[in-house]
Each structure stands twice: as structure tokens, then as C-alpha cells.
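**Student:** Now for the letters of each chain:
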Amino acid sequence: MKRRILAFIFYILGVIAVCIIATVSFISMKINPVLNGPGVTETVKLSNWFEGIKNTNMDTNVYVFDSGVEGGSILILGGTHANEPAGILSAIVMLENIKVETGKVFIIPYANNSAISHNDAMEGAPEFYHIDLPDGSTRDFRFGSRRTNPTDQWPDPTLYNHQSGSTLGGGEVSNLNRCYPGDPDGYPTEKLAYAIVQLIKNEKVDIVIDMHESSPEYPVNDAIVFHQNAAELAITAQMMLEMDNIQIRLEESPVNLRGLSHREIGDSTDAMVLLLEVANPSQGRLRGKTDEDLVVTGLDKFYVQAAKEGKLYAPYDENGYPISLRVARHITTIDYIIQSWNMMSEKQILIDDIPSYENLINDIGSFLIEHEG
Amino acid sequence: MREIYTPEVFYFILMLGTFIFLAAIKIPIGVSLMFSALAGAIAFGEFFPVRHLVEGAFGYIDTMLIIATAMIFMASIKHSGLLDTLAKKMALGLKNQPTLLLVLMTFFIMIAGMITGSSTATVLTTGAISYPVLKSMNLSKKKAGAIIAMAGIYGMIAPPVNLPAMIIGQGVDMPYIGFTPPLLLLTFPLAIVSSLVIAGNQLKPVNVDELAIEDIPSSNFAIYLPAIVMIILMVLENVGILSLGLPLIFIISAILATFTGRKGNIFKTSVEAMRDSLGILSILAGVGMFIQIMTLNGVRGMIVGFLNGLPSEILLIGIAIGIPLFGAVSSYGSASVLGVPFLLAFLGGNDIVVCSALSLLAGLGDMVPPTALAGIFAAHIVGEKNYFKVWVAGLPSFFITMVYATFVIANSKSFGKFVEGNSFYPVFFIGLAILFVLFIIFDKFKIRRQTT
Ligand SMILES: [Zn+2]
Chain A
1 MKRRILAFIF YILGVIAVCI IATVSFISMK INPVLNGPGV TETVKLSNWF EGIKNTNMDT
61 NVYVFDSGVE GGSILILGGT HANEPAGILS AIVMLENIKV ETGKVFIIPY ANNSAISHND
121 AMEGAPEFYH IDLPDGSTRD FRFGSRRTNP TDQWPDPTLY NHQSGSTLGG GEVSNLNRCY
181 PGDPDGYPTE KLAYAIVQLI KNEKVDIVID MHESSPEYPV NDAIVFHQNA AELAITAQMM
241 LEMDNIQIRL EESPVNLRGL SHREIGDSTD AMVLLLEVAN PSQGRLRGKT DEDLVVTGLD
301 KFYVQAAKEG KLYAPYDENG YPISLRVARH ITTIDYIIQS WNMMSEKQIL IDDIPSYENL
361 INDIGSFLIE HEG
Chain B
1 MREIYTPEVF YFILMLGTFI FLAAIKIPIG VSLMFSALAG AIAFGEFFPV RHLVEGAFGY
61 IDTMLIIATA MIFMASIKHS GLLDTLAKKM ALGLKNQPTL LLVLMTFFIM IAGMITGSST
121 ATVLTTGAIS YPVLKSMNLS KKKAGAIIAM AGIYGMIAPP VNLPAMIIGQ GVDMPYIGFT
181 PPLLLLTFPL AIVSSLVIAG NQLKPVNVDE LAIEDIPSSN FAIYLPAIVM IILMVLENVG
241 ILSLGLPLIF IISAILATFT GRKGNIFKTS VEAMRDSLGI LSILAGVGMF IQIMTLNGVR
301 GMIVGFLNGL PSEILLIGIA IGIPLFGAVS SYGSASVLGV PFLLAFLGGN DIVVCSALSL
361 LAGLGDMVPP TALAGIFAAH IVGEKNYFKV WVAGLPSFFI TMVYATFVIA NSKSFGKFVE
421 GNSFYPVFFI GLAILFVLFI IFDKFKIRRQ TT
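These protein sequence lines are chains A and B, in that order. Its first residue numbered 1, the first sequence is counted upward by one per residue in the numbering used here. Its first residue numbered 1, the second sequence is counted upward by one per residue in the numbering used here.
Everything labelled a hint here was simulated from the structure, so no lab data went into it. Some hints here could point you the wrong way.
Cβ-Cβ distance ranges computed for the label pairs, FRET-style [said to hold, decoys possible]:
(1) P396/B with N319/A: 49 to 57 Å
(2) N422/B with T23/A: 29 to 37 Å
(3) S28/A with G421/B: 54 to 62 Å
Heads up, the beta-carbon is just placed ideally off N, CA and C, and yes, glycines get one too.
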């Protein structure tokens, strides 16, 4: 009898220890640093445009760069999918470096602030990755999930009946990029999408850019996906990129693929919407060991092999696809989209100090502020 | 051994070896999986993988809730008398038409899967209801169990709700549109063949004495309420009017069952049901940990890469075996991990048809040990202690399904032409009608021969 009681106490203590360790690890990702940069004129909560997400984990920081000079406006979204780190890092690099001379820029680095606070079960992803800074120190960044944290939205329905009439798997109702144009009375992720659309409408945003990454075996890769209204913008930007020897594909937003930013925001607002993809093996299904190195270097032997077998849709070799390259592609594409816009519109958007493609590839750390979190 | 597969192949052998050894010395499967995951993590250099194990254990939390609550529902309607009453009503209507009755019962089982997209929920609801009927037709426990398990899988894959197909489609941004014809063509003919093959010549006309029901107020309409409420709530969930989720729907219907028919005690029933399901729940937690670690240390990538890199002549065989095998851990997981890259490998055929057939292969995973959700629960409802007997009885239709699905993938273009053409629905339904007439004639002929 005594032995049984001892065994019982032993097990219970074990369970408590596991719970504490797992909880500490889980909660460590909830930190929510406020970022800053020389050009930021105001930091506002997204709930400013829709009260419905106030005091929830869906609320996120919007960094405003108001030049005070009348012109066009652009919204740059990173972190729609928090397991696609180059989108987030591009947004952070821009917000910590740019100055806006004409027009207005909005940057949301963590578009789904809930998704960055956890990892996908059974994906073995790292919680953090770090970038080396020039002074020898490092800066940590969180690596999140494609979906909203279940502690913020759970359970999801079996089927997601999107308001457009199309049916998606239930889990997609926690995927921000299937919830547009959003629903003020819907699931938290739908409210988040609604809040972003409200920002776009109220601020009369001209251009929306949604930054993503995709696995190299997926056909839409290293691409600009554009709403039909933004075709000219996308084509001009592609021509400029090709002149710099940066290959990028153009994909028109399919009409029957509903809930995505480029389709729904394009249809329901006056903004021109473009979604950027760049290849990233750390989220792909062919990847081998999953760790911080893979996130940063983008180098995976199984992808090298698959590339040799001609199974990938992105140029891939022993050099990998480092995050510096992925960020450089995103930022340069945004730069050229804005330049194309300035060629065709009187509402100018003029931005100084956008880091250049070469400089980003050579030393992305030098564009990051030494900073907590 | 190609150099590229080291060290992953050693991790894999270590994890599998640990699992087999622990299972062999009678450590519970779920715990064996946990320790083999731990071994894989330590070999990889992750010495303290608490976070990964806990995160992985949460991977199937939704499935676990569905299983636990569906078990409670099943136990409740068994106790209330709904199971036997409903079975009796259905069996007596066609008591001299065993072949037709068997096929109709197979379709009936599939209904729950078509609505819920879950083979477990199907086996534990319509599967449980149909067991007394199958038993009354002289089918042994293992054959009845195999029929129910396979029908559960076909139901889960049949339209309108097919979650593996949705998961695969989402991975390549393919909308879930136009799947009804190919899924009909993939599931219904197979379901008929499967049940007939498994039943074989054991099938006899209904033995009315087998359906004797004691002390149940069977004329009372209230006894059917739990099933009716359950179906209404499921349909409301799917059309998006009232989203309660399967677990809550099962609990509501279970509570209702304690007030209708034979009176029951929901607390007692749920404790019993939980005791019966704890084993499988712990397996699912262990499987989550196992996959998390094999993703972390690269074993998953090695398997996907190896299968995906097979030369095209044997790629199909790799798919036919690999997807159901990986589905042993979870059909949804297999759809996501293997289904997506395989669909990408087959782009250029008819994508919707290929995706549908891949989802069928993923569904088959629910028959593969050690998790084998459909098989284990089918064994549970027919009262067969040894799940492997059910599994063996289902093997013929398992292989028929595998071959059919592979054939469809290889010929996706011509299948696509047929299912997308105008003639599909007329041909499909006229074909079914002709089959039914044939079954009726066959039954008449068989019974006359037996009586003369
Ligand atoms: Zn994305």
C-alpha cells in the first residue's frame, strides 16, 4: 500500500513538473515588444479601427509613418502567417530604417499577433531564431504558426462556410488569409480581418502588400499574386525586378479562391492588393531536421536533392535560401511596386532609406536595431 | 544506403526499435510511443524535449474529444434501447432480401461519415446501430466489424464532407469545389463490393429471433429522439447555422438518450465509456509526440523525400503503400504530410480526381495498426476483443480499395472526363438502380433454391 502511495506521489509530481515546464515555454512566446524606428511618427493599436478586437490577443501594433505631405498611402502586412518569418522580418527591417517624405505608410509586422504566440503541433518548429548584429550581439525573433492560437480561438467548426458561399475545412477559420473580408461578429480571426479592412477603408489606403513565404515544392513561389485591379502595378514591378536580374513570377488572383487578402480586400475596397511569396524550405513538407539554422539559412539537404530531381518551383541549390535573401527580395519588390505606383499616380509615395538588395544580402543584421525581443 | 539518408535513417530505426521493444514487453502502446519519441529526440541531441512532447501530445486534441464523446453517445443509445429498436425496424423491412439489406446497411453506416468526415464517429454511431442487423444476417463478429470499419472509411471519404481531401486541397490552394462526382464514384461502388466480399457466402436472410428485444418500450417514438436530434444538429453545423461542434453534439444526444427509452445514468455511462476509450486516447497523444519528434529530427522529411523521389514507374506503388501506412498514425496527418507533395508530383493529371483518390488512400490509414481508429472501434462495438481478427477480415477490401484508388490516380484524366461530363449523374444513378434490381432477383433466386 505504502509503495502505491509513493508511486502515486511520484507520478503526480512528474505531471506537475511537466505542466510547469511546458507552460513557461508556452507563455514565453506571448511577449509583445513594441518596435521603433527613426521614421515612425505614431504607434497605434489596430483596435483603433475596430473596437471589437480591443483587449484581445488579436489586437496588434500598427506603425504609422506620416510624412505630413499629401500623397498616396500604403499598408504593408507581415506575419499574416507567423511561420513565414521573412514577411515579419521584412516588415521590421522596413520599420526600423525608412523615412517617409511624401504620403503615408502603415506597417503591421505581426498581422496575426495571436499566431506568433505559439507553434503548430507536430511540426517540431523552433520557438525562436536569432540574427547576428554587427556589434557581435544577437537579436531574437519569434517563429510562430500559420494559424491563430487555440487559446484565443477554439474550437474551430468542422467546416468553414465562408461568407462568399465557398466551403473550406474548418481549421481555415483560424487562418487570417482565408478570413477576409472579415466579419465583425465572427470568429476572432474574422474580426481581425475585419479590423484590417476597416483600417484600409477609413485611411483610404491605396496599396496593400501582404508578405508571405511558401514551400519550394509549391507552384506559386517567388511570385507576386495580384488582384486584377493591380495588374499594371505588378507587371511594371516585375519588369523592374528583371532588370536587376531578380526573377519573379506573376500570378493573377484566381476568382474562385475565396477569403484571401488579394481577392477579398481587392474586391471590397478601393486598394490595389498584392501578395508576395518567396521560397522557404523551413515550412515545406520535404524538409529534414527542423531547427533555427534551417529558418535562417534556408539550407536543407532533402530540398537540394529534390531540386536535382526537378521537383521544385524555385531555383534551389547548395546555397540554400537564406532569410537575408528572402527579406531582400520582399523589400526590393515593395520598393519597385511603390516606384511603379509613383509612375502612374499623382498621389506620390516617397520613401527614403529603403535598404538595398545587395546590402541586405550582405549583412541584414546591420539594418536591425539592438533591441529587446 | 545513400549518404543523404544518414543520420535520419538511424534515428528512424532507433525510434521504431524502441517502440517495438517496449510494446513487446507489454508497455501500453501510448507510453511506448512516448518513450520512442524521447529516444529519437535524445539521439538527435535534444536532451530535454518536454516542450516538444507536450506540444505533440496536443496534436490530436480535437480527435480525442470526438472519440471520447462519441463513445459516451454510443454507450448511452445502447443502454436506452435505441440501437436494438432501430436495428429491428430496419431488418424486419427487408428480412428476405439479405443482399439488398446488406448493401443498404452499408450505405446507412456511411451517412454519419458523410456528415462528420470522421470514421471514428461513423463507426460509433451508425456503425453501432447497424451491428445488430448484420449479426441477425448470420455474420460473425469479425466480418460484421470489418464491414462496419470499411463502411466508416468510405463514409468519411464520401461527399459532401471529406476532410482529408480538404486538407490536401488547402495545401495546394485548390478550392473544395467539384469533388462530389469523383468522390461518389470512388466510394459507393467500393462500398458495395467491399461489403459483399467481406460477407461472402456467410450471408443469410434475417433471423428474426436474433432481434428479440426485451423490456424496451419500442412503440414509443421518443426513443428515436437522440438520433434525430444528433442528425439535425450535425446538419445545422455543416450549413453554418448553429455551430456546436461534434463533441457537444454527441454529449447533448447522449444526455437525451438517458431520458428516452430505458432510463440511464449519464455519469455512470460516461465513466464506463472513458474507461473504454482511454487506451486509444493515450495512443493518439503518443502518436502526436512521435510525429513531432520525427519532424524535428528529420525522419519525416526523409520519408517524404524518399517516397517523393521514387522514379515515376514505382512512385504510384510508393503512394499506394506509403499513404495508408503513414495514415496509421492519422489519416488527416497523412493527407497533409504525404498527400500534398504527392498531389504536387501528379500535377498535370486531373487534380480533383487525384486529390479525391489520395484522400481515399489516406482514409485507409484508419485501418492500419497501431492506431487503426476505424478497426479498433469496430472491434469494440461488435465485442471482438482481438482487433486483429477484424483487421484480417477487412484485408480483402482494404487491398481492393488500394488498387482501385491507385488505378484512378494513374488514369485520372479519363476518370476526370467521365465525372465532369453531363452523363455522370444519370449513369451513376441508373447503374445503382440496376444493381439494386439485380440484388433483389439474386435474393429471390437464392431463397427459392434454399426452400426447394
Ligand atoms: Zn502565407
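**Student:** Next step is simple, just say for each hint if it's right about the structure.
**Tutor:** Going down the list of hints, with the structure as the test:
In this structure, P396/B and N319/A meet the distance hint of 49 to 57 Å, their C-beta atoms being roughly 51 Å apart. Distance hint check: the CB atoms of N422/B and T23/A are about 59 Å apart, inconsistent with the given range 29 to 37 Å. Under the hint 54 to 62 Å, the C-beta atoms of S28/A and G421/B, about 57 Å apart, fit the expected range.
In terms of the numbered hints stated before, the structure departs from hint 2 and from no other.
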